[in-house]
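Undergrad: Here the protein sequences come in this chain order: A and B.
Quick note, the first sequence lines up with residues 1 to 339 if you use our numbering.
Quick note, the second sequence lines up with residues 340 to 671 if you use our numbering.
Treat the hints as calculated values from the structure; they're not laboratory data.
Don't take every hint at face value.
What the hints assert, rightly or not - Using 20 Å as the maximum straight-line C-alpha spacing, the simulated SDA-like pairs for lysine to any residue come out as follows:
hint: 1; chain 1: B; residue 1: K597; chain 2: A; residue 2: F272
hint: 2; chain 1: A; residue 1: K91; chain 2: B; residue 2: F595
hint: 3; chain 1: B; residue 1: K597; chain 2: A; residue 2: S269
hint: 4; chain 1: B; residue 1: K597; chain 2: B; residue 2: L575
hint: 5; chain 1: B; residue 1: K341; chain 2: B; residue 2: P363
The lines below spell out each chain.
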Amino acid sequence: MRALVQVSNGEPANALVVEERPDPVPGPGQIVVAMEIAPIHRSDLFALTGGSKVPMTSLPRVPGAEGVGRVVAVGQDVTRFKIGDRVWPPKYIGLFQEQVICTAADVFRAPDHAPPDQLAILCTMGLTAIMVLDDYVREAPGGWIIHNGANSSIGMMVIGLAHARGLKTVNIVRRAGFENKLRALGGDAVVIDDSDPDRLATRVAAATGGAPIHTALDVVGSQSGGRLAHCLTAPGALVLYGGSGGSPAQIDFLDMMRKELTVVGMSMSRSFNRRTPAEKDDVMRRLGELAASGHLKTDIAATYSLDQYRAACEHAAMPSRDRGGKVLFRMTPSRKDPL
Amino acid sequence: MKAVHHTAHAEIREAVRIVDLPDPVPGPGEIVVRMEAAAVHLADVYRITGRRGFKSDNLPTIPGFEGVGRVAALGAGVTQFKVGDRVFPWWGAGTFAQMIRTSADQALPAPEGDAQQLALTLVNGMTAVILLEDFRTLSPGEWLIQNGANSNCGRYLIVLAKEKGLKTCNVVRRREVMDELYALGADRVVLDDESPDALEARVKDATGDAKIRLGFDMVAGAATARIARCLTTGGLVVNYGFISREPVTIHFDELFRKDVSLVGMSTGRGMAKRSAEDIRRIYAKLSAMIGAGQLKAAIAAAYPIDRAVEAFEQAYKTGAERDGKVIILPNG
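Pulled out of the complex, with its shape left as it was, chain A reads as follows (with noise of 0.2 Å):
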């Protein structure tokens, strides 16, 4: 089976490389899972040049993050899986190859009937998306949710789940011609943030006939968090679960004060790792679910097979909204869509 290695820490090109290894053998409670398809994620290109803020071992290594694939091999003591079931493998383990080894009770079971592409891309964006809706958002059906990022790739997943348990988003873009796609997504209100605090809560208390909205979802951190605190009622609470904007979330004192607001951040690791086994199989059936019946679906700008690491890397590379899409690697021809 073919592994695309990392040989040192640099540019792709010259720090990837593809190796012909042996097929894995499982042991005791491992199966074998033979990838079909991982996303490149901008984490992936960071931890090539030597920065990383994943656990990493030492060079050389198989980069990787998150994908899908089937089992191929199962090892003495397993009964959780059966070869041919779609599964994830756990994440971060390299996952760019063609076959890799894992511990069974880390792998959960990915449906048939979804697009691998989708899938691929859930145990990250996807699983911290839908743990923010189950573990914060306290809203019924009907509810309004404000949230940032709305156009990036997880921001698109939340309007997604949000739509598919009957919420209303008020969604927040900094530039304009995002409407029809979000709106198509299930998306309710589009808000353009032109930072300024008060025209964004009159803008957003126009969209939504001025219904109260108690819960902000921020992916971005900075003062945008701070805006969607302004268009709040209390009491209110701000869910910063991803910080795009790099810079510490800021608040106005005003908006702490007669918003009620609370203040806190999500952490995927800790959201997922509270839950039982029973209910981690719950979260990620329930997101199988959730991509195969379309409420979750991300852009897919190319598919690249290993040999074609430098171009799938430098297209991962490109600003986003020059990429199209995620860029993914297939490792395994499709059943329904062949090479």
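Since the structure of chain A is already known, use the hints to place chain B on it.
TA: Relative to chain A, chain B alone:
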């Protein structure tokens, strides 16, 4: 009688003037109070200058959230007070005047003692009580941390927390106030030189690496984040002021990695959650402690009403430039 008239939202000198008005006459259920002392809060100055979010709706008006005075005249049907009783007019009675007309039902009895100290009971006292009661229940012996510990609310918190058996780690910006806070009963006082690493190390050292679950922030800006930094996993920062006049700031590390959360606080809302009897009980206790000198403010200066503009200008300053609370003595 003389009163401060707030006529426009403008710089302090343009916003207020001292006027002569007829002495007020109490209507049914009202009393007239001859004011002894009125506290000047930063929020009074923000209202006068018309800072965003603090504007007064109806101008001209007599400003002044709180103070203490003696009943000078009784309206029809008033039986709970007699002339000469010391009272606190209710919040927002417009206390920067020699005589004020106010509801007898809402006024609270005030004890004997230093009028300048008692003038600070309603706002800072209630804020300190709500901060200690409403956010996180700590066990006796547990630590809490606060910045602005040298503020009046901070000083009240030191004493009221100690009464509950809690230990206070008090963050200040000036070395020269440390002894005063120790004298009030502060367990530890640490200096904040705006370095988060240095503050965290000093707090660990001062508290014996205690797991601190509750922090009070009245400074805002980067100071909020520094308090969050000193908390243990799952800790809570309660923001209740913004003397830095900067946005409340918190870092991802605290929110995501340490599961620290941040909440806003409003004294008015804390009071709205309480029954009238509870509020009277809290004020009876606070005013008794203040009257007896157990809760003690640092008074920077007391001005006669003719010099109210100077009082407001000093109250607008912070730190060493103000150095305590500013009081107006309407009747000298």
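Undergrad: So, for every hint listed, does it hold in this structure?
TA: A quick look at each hint next to the structure:
1. Our distance criterion of 20 Å between C-alpha atoms is met by K597/B and F272/A, whose separation comes to about 15 Å.
2. Restraint check for K91/A and F595/B: the C-alpha separation of about 19 Å stays at or below 20 Å, so the hint holds.
3. Restraint check for K597/B and S269/A: the C-alpha separation of about 12 Å stays at or below 20 Å, so the hint holds.
4. Simply put, K597/B and L575/B have alpha-carbon atoms about 10 Å apart, close enough for the 20 Å limit, and the pair holds.
5. This hinted pair checks out: K341/B and P363/B have alpha carbons roughly 11 Å apart, not beyond 20 Å.
No hint from the list above goes unmet by this structure.
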